[in-house]
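Q: Top line first, the protein sequences correspond to chains A and B.
The first sequence begins at 1 in our numbering and counts up by one.
The second sequence begins at 1 in our numbering and counts up by one.
Be a bit skeptical, because a hint or two may be false.
What the simulated footprint calls covered on chain B by chain A, stretch by stretch (three residues with Cβ under 8 angstroms from a Cβ of chain A suffice, anywhere in the stretch; the number is not a length) [what the hints assert, rightly or not]:
id, region
1, 19-28
2, 185-199
3, 297-305
Calculated Cβ distances over 10 angstroms to all of chain B for the following chain A residues [said to hold, decoys possible]:
id, residue
4, Leu33
5, Leu88
6, Leu90
7, Met92
8, Val94
9, Val116
10, Arg162
11, Leu170
I should point out that these hints are in silico values taken from the structure, not numbers from a laboratory.
Computed from a predicted model, the values in this text were never measured in an experiment.
Glycine included, each C-beta is placed from N, C-alpha and C at the ideal position.
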Amino acid sequence: MQTAVANIWTIAKRELKGYFASPVAYVFIVIFLLLAGFFTFMVGGFFEQGQASLRSFFLWHPWLYLFLVPAVGMRLWSEERRLGTIELLLTMPVTAWQAIVGKFLASWLFLLLALVLTFPLVLTVNYLGNPDNGVIFCAYVGSFLMAGAYLALSCITSAITRNQVVSFILSVVACLFLILAGFAPVTNMLVQWASPWLVNLISSFSVMTHFDSLQNGVLDSRNILFFVSVMVFSLFTTGVILRSHRAG
Amino acid sequence: MIKVEKLTKTFGPKVAVNGVSFSVERGEVLGFLGPNGAGKSTSMRMITGFIPPTSGKVTVGGYDMVANPIPAKRLIGYLPENAPLYGDMTVHGFLDFAAEMRGLRGDAKKRAVHRAVEMCFLENVLYQNIDTLSKGYRHRTCFAQSIIHDPDILILDEPTDGLDPNQKHEVRTLIRRMGEKKAIIFSTHILEEVEAVCSRAIIIDRGQIVANGTPAQLKQKSDMAGAVSLVVNGVAASEATQKLGLIANAKKASVLREEGSRVVVRVFPRPDSVNGELARNVADLASREQWRIEELHTEEGRLDEVFRSITLPETVTEERK
Ligand SMILES: Nc1ncnc2c1ncn2[C@@H]1O[C@H](COP(=O)(O)OP(=O)(O)OP(=O)(O)O)[C@@H](O)[C@H]1O
Ligand SMILES: [Mg+2]
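For reference, chain A alone in the conformation it holds in the complex:
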């Protein structure tokens, strides 16, 4: 157990260092902050709402992550396979799942860092009014979990192909599905020709449904469980795919 944790941490550390050794990390963080600000203030009408809340900020997260998270996740395994470093990594005394978790964790922590850097918004609303900080915290947790779910899906697509562009596109499509399954305009349309229970079933697979309640400050274990199961399932699938490549 101790060595498992040590191995995961060593792998995660290397991966994280890799982000910051190249401009990728800085470019990503700057773009993330700019886009988040743009959507919150320009599109979301943060000031016009006249409320001390971060609704207009979190509202856009499922869409913002749709492109940004696959951009982080697309290279996770495709790069290892393209460069052949996977051969180095998996002949060291680590199990495949330690490597998978380690690499996933590194990019998830990286996304967390980007998310944490939006803290000036929290300060701003607290300065302007009296927001419910519990709700804000809850929404942050939800956003972080959602990023993790997207990222885990990108893990799968990056294991499927050596080509980063293909990996990116596939994972955007997969994430888009997770959004649209519960996106109001889509579900409203579905209701017209599918029975409600089916629509409900489909939308229960959507990040929208689960992120909505977290956004509203409901820290429900079912929602958390949903995101965690998406991650566990995806990482497991990643392992299966990687193994099948090696089996030839």
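Dock chain B with the ligands against the given chain A, drawing on the hints supplied.
A: What follows is chain B with the ligands alone, placed relative to chain A:
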């Protein structure tokens, strides 16, 4: 230390490795030879646990590689083909990572990195980004990674690929020295390397072992092994070959070259000829006939010839005709 039994790997319809069995003990350096696509790298990938065999078994230090991979992998240092590296790291950062993955921490880690850097002559590029290294230095960095934990077993896939002659020499010396205490398998396309370093060599072709023995034993398989070459002066080529061909244990004699009055002849032995006997008989004949001999020696046989005749039987036969 390494035991490979009936190892087989198929990729779809293609059989890359087919029923390969051998074992390597501590103190042995095993050379892995074979033409491109013979299955050397695929075998090594199975031995190091990177890809699972289709059938067969790999046992490393008593641990089954499929059933119990982690303790088995701990014993191994591996240099994959083409020396893959994380390009976004510095050499030092990378070796640090490799040491940590091998469970080394603190002072032990520092010492291990220092030792590997020294053995592979990486001081000059220690803080350079791997992406900007020349090919030889990349190779050395990956090699350093494989020896960082001073493993009992080393699997090296073309370790001297891309190195300059000095470095090739250094790496060979290193392998030979480490081979005294470790079990080493290494693949190469350079046959002199096999003679210089290996205690045993395996030639593998189309997935199967076609020869297995010490370099000297392999050389014996050469047609030329045991042949006597001589340079004589003052005798006609036809007369020399005719008389030499009549020696009891000579199969045939043929003229290689004529340079003015000197003739270069090679006499091939009969299969039952004892070592050295043919040379003695040739010398006796020469002194009886009062030929002036300028040079006379018994050929050891050449590995490249053995390699060619084993892995390319059709072409070699044609050339003979
Ligand atoms: N992942 C794979 N999928 C399909 N075929 C493969 C795969 N890996 C190797 N092969 C095939 O297996 C055969 C053996 O390849 P291998 O790389 O082991 O050869 P090698 O002896 O190392 O050759 P070289 O001297 O060129 O390095 C080749 O025909 C190769 O095309
Ligand atoms: Mg090879």
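Q: Decide, hint by hint, whether the structure agrees.
A: These are the hints, each one checked on the structure:
Taking a C-beta to C-beta cut-off of 8 angstroms, the region 19-28 of chain B contributes 0 residues in contact with chain A, too few for the three needed, and the coverage statement is violated. Taking a C-beta to C-beta cut-off of 8 angstroms, the region 185-199 of chain B contributes 0 residues in contact with chain A, too few for the three needed, and the coverage statement is violated. Evaluation of the coverage hint for the region 297-305 of chain B: breached, as 0 residues show C-beta separations to chain A shorter than 8 angstroms, against a requirement of three. Every CB of chain B is more than 10 angstroms from the CB of A/Leu33 (nearest about 23 angstroms), matching its label as outside the interface.
Not every CB of chain B is more than 10 angstroms from the CB of A/Leu88 (nearest about 6 angstroms), against its label as outside the interface. At roughly 6 angstroms, the least C-beta separation between A/Leu90 and chain B is not larger than 10 angstroms, which violates its mark as non-interface. A beta-carbon of chain B comes within 10 angstroms of the beta-carbon of A/Met92; the shortest separation is about 5 angstroms. The beta carbon of A/Val94 sits about 7 angstroms from the closest Cβ of chain B, which is not more than 10 angstroms, so the claim that it is off the interface is violated.
For A/Val116, the requirement that its beta carbon stay farther than 10 angstroms from each beta carbon of chain B is met, with the minimum near 23 angstroms. With a least CB separation of 13 angstroms from chain B, A/Arg162 remains clear of the 10 angstroms interface cut-off, as annotated. No Cβ of chain B comes within 10 angstroms of the Cβ of A/Leu170; the nearest lies about 24 angstroms off, and the non-interface call holds.
Violated hints for the displayed structure, listed by number in ascending order: 1, 2, 3, 5, 6, 7, 8.
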